[in-house]
Amino acid sequence: MATTSKHKTAPAKMETVHTDPRYKLVDRTLKRLHYQQDALIEVLHTAQEAFGFLNDDLMIYIARALKLPQSWVYGVATFYHFFSLEPQGEHTCVVCMGTACYVKRSAEIVATIQKEFGIAPGETTPDGKLSLATARCLGSCGLAPVLVIDDEVLGKETPEGTVQRIKEVITTTPDTGAATDVAVAQPQEEHQS
Amino acid sequence: MNREELQAMGEREQEKQQSYRCRLLCCASTPCLSSGATAVIETFKQVIKEHDLEAEVAITSTGCMGPCSRGPLVTVQVNGQQDVIYEQVTPELAREIALAHAAAEPKTVEKNILPGDLAFFTKQKKVVLSNSGLIDPDRLESYVARGGYSALAHALREMTPMEVCETIIKSGLRGRGGAGYPSGLKWDLVRKAPGDKKYVIANGDEGDPGAYMDRTLMESDPHRVLEGMAIAGYAVGADQGFIYVRGEYPIAAKRLENAIRIAERRGLLGGRVLDSSFNFRVDIRIGAGAFVCGEETALMASIMGRRGQPWPRPPYPAQKGLWGFPTLINNVETFGNIAPIIENGAEWYASIGTEKSKGTKIFALAGTVETTGLIEVPMGISLREIVFDIGGGIPGGREFKAAQTGGPSGGCIPAEHLDTPVDYESLSRLGSIMGSGGLVVMDDTSCMPDVAKFFMEFCMDESCGKCVPCRVGTVQLHQILEHITNGSATQEDLDKLEELCIMMKETSLCGLGQSAPNPLLSTLKYFRQEYEAHIANRTCPAEKCTFTEVPPLQLTEELQRRARLAKTDSEVS
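For the record, the sequence lines run as chains G and S.
Okay, so the first sequence: first residue is 1 according to this note's numbering, each after it adds one.
Okay, so the second sequence: first residue is 194 according to this note's numbering, each after it adds one.
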């Protein structure tokens with residue numbers, strides 16, 4: 001619980017080093033939480049929302065701002081499943097693996113996607129189009145098996161229907177190309193999972 | 194705001210509601226939203242606008258109504274008539290409903306109506322969820338109109354902190370997070386603990402797969418939780434509360450944030466609550482996806498911005514919690530019980546349920562059952578009533594095999610124990626636990642070793658890694674289960690499995706490790722023949738597992754066999 005006034009001056013200098021406007025969002029959260037060390041998780045949430053994932057520079061930046069060792073920040077970021085240290089694909093497909101979904105055979109859905117697109121859960125296709133992930137429980141057990149493609153929650157799914165839907169999503173949206181767009185578009189998807 | 198103003202607000206809202214000829218309530222919690230509730234609400238708005246009915250018809254987006262698999266759900270209230278509930282409402286049907294009920298002579302649409310005498314509704318008893326599905330979670334007024342915050346006002350004005358704790362003790366309320374520790378005793382411990390600062394935490398990190406009671410309560414009735422927390426704060430002498438919401442529940446976090454802001458603006462939280470000398474602030478903390486954070490010490494570590502690793506108890510949080518101060522930590526559902534207890538008295542609450550388990554419990558009924566959804570039942574109801582009456586039985590003419598309660602910390606209850614009353618003691622006698630209330634029904638297509646493997650994989654993934662029994666034990670158990678389901682296990686493996694389970698239960702640091710073997714042990718207890726079939730006959734009775742491996746060669750046996758052969762050979766020659 002270290003909140004002293006000297007903390008507030010240090011990060012101000014660093015703002016000039018980073019020209020990326022997304023750092024402003026991180027700064028705003030830091031300021032709102034008075035650079036308290038126990039606000040680390042909140043800051044990481046904001047950072048991931050702004051950048052789509054946590055890269056090394058970002059974690060070093062946060063570590064300095066909060067006067068925490070870099071290893072501490074890295075340790076927290078890797079402990080929680082929510083934080084990703086790798087950039088995510090343009091589209092994400094999150095398959096729920098909760099008990100209710102498992103009983104209704106969601107593992108088969110994952111296997112089918114894995115075979116069709118050649119990626120295991122947690123991986124992204126080489127062209128950066130699709131990331132596959134599994135979730136512990138999305139809390140929509142009544143609709144099991146459930147999965148989320150981008151923002152859309154789909155219930156009572158079948159393996160074939162899912163692959164079809166993913167193909168539709170990938171092909172219908174135009175290729176944006178720019179990596180930043182992908183990163184900015186990511187936060188909502190992340191939240192859904 | 195003071196008590197009189199609160200009362201006036203409720204009366205104004207009630208009058209306003211009665212001034213409408215017809216009220217359309219549409220469920221807007223996550224399951225219904227994902228089956229298309231947004232379009233239904235939009236259609237309602239459009240129809241009202243087209244026909245200029247704003248003054249006569251009200252549209253409300255409410256919280257969960259219960260039978261989630263039948264969503265989107267719409268309830269229509271017309272003054273002086275019985276409520277009508279529609280299931281699986283499409284935008285087209287929504288249009289018909291709005292026009293039929295809003296007409297000068299209201300009619301019902303004879304389609305998709307859920308009969309009011311359905312066992313799903315009649316067998317339930319709603320205490321915690323009494324407002325859910327009837328109020329707009331984003332409007333404070335609709336909560337106040339149903340008597341909201343009057344329990345807090347009553348406690349602040351007419352009760353001492355000691356009396357509040359005594360009431361909770363007398364009510365017999367036990368923690369709804371799973372372990373079932375008497376809540377009143379915990380409150381009293383924190384109240385008596387010395388400390389110039391104290392904290393109240395609501396645990397809304399519901400990581401159990403198959404459970405979503407907390408999410409629904411936070412989404413459907415956020416003020417109920419906040420009121421419970423404020424009463425707790427008054428009773429134990431805390432002025433700061435935290436509500437820890439799972440990262441996967443963005444809607445719940447948003448509604449809670451909104452509720453806190455409104456309540457603070459109206460003087461129901463924050464400084465000088467209801468014009469008394471009591472101050473209580475609530476902050477939200479968003480989790481980041483770690484099942485172990487449901488454990489109280491791990492959760493507190495996470496609130497303090499650290500890795501969510503538990504620490505050994507004692508000292509218990511009641512003595513030494515957040516930043517070393519006494520901390521009261523209860524499940525969200527426990528806080529949901531507080532306002533009704535204060536309002537109706539401890540005796541009323543204690544009259545519901547069984548001798549040792551009082552009150553009601555919310556269950557998330559899921560799996561292979563006709564109607565899935567959220568139910569609130571009095572303690573002591575039999576499992577059969579839940580599965581076959583409320584849930585409507587097993588679809589497709591299949592057979593009931595087991596009910597899994599308590600998620601990865603719980604166990605499976607087989608068909609022969611269907612008539613057991615559901616309460617803390619009976620469930621733990623059967624080797625399961627109440628848990629936070631996930632209830633997954635399985636039919637005969639589920640393979641029990643496979644289900645055990647599923648839970649073990651979960652615990653293996655979610656183990657925080659701090660203590661060795663849990664970190665290493667879960668991996669070993671999972672590996673043995675993997676061997677059983679792929680056909681390469683031997684009888685020895687089965688013995689090793691049991692030994693490891695007991696070792697883990699006795700030596701792990703926190704609840705996660707101590708309870709991780711539960712699903713395995715309970716399936717071993719009731720479905721041992723299935724494990725044996727996998728090992729001895731290499732067959733899966735449920736026809737789910739594929740046997741790709743073969744058991745390793747037992748060298749000693751093989752050598753003995755060869756020695757015997759060699760002997761006979763030499764004898765022959």
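Some clues are possibly wrong.
[Claimed, not checked] Derived BS3-like pairs: lysine-lysine, alpha-carbon spacing no greater than 30 Å straight-line:
| hint | chain 1 | residue 1 | chain 2 | residue 2 |
| --- | --- | --- | --- | --- |
| 1 | S | K319 | S | K390 |
| 2 | S | K513 | G | K67 |
| 3 | G | K156 | S | K363 |
| 4 | S | K319 | G | K67 |
[As the list claims (entries may be wrong)] Listed next, the stretches of chain S that the computed footprint assigns to chain G, with coverage defined by at least 3 CB atoms under 8 Å from CB atoms of chain G:
| hint | segment |
| --- | --- |
| 5 | 223-229 |
| 6 | 315-329 |
| 7 | 468-482 |
| 8 | 555-561 |
| 9 | 630-638 |
The set of hints was computed from the structure by calculation and includes no laboratory data.
Where a beta carbon is used, it is the ideal one built from N, C-alpha and C, also for glycine.
The hints, checked one at a time:
| no. | hint | in the structure |
| --- | --- | --- |
| 1 | K319/S <-> K390/S | violated, 35 Å |
| 2 | K513/S <-> K67/G | holds, 26 Å |
| 3 | K156/G <-> K363/S | violated, 45 Å |
| 4 | K319/S <-> K67/G | violated, 49 Å |
| 5 | 223-229 | holds (count 5) |
| 6 | 315-329 | violated (count 0) |
| 7 | 468-482 | holds (count 5) |
| 8 | 555-561 | holds (count 4) |
| 9 | 630-638 | holds (count 3) |
Hint check: violations occur at hints 1, 3, 4, 6; the rest are consistent with the structure.
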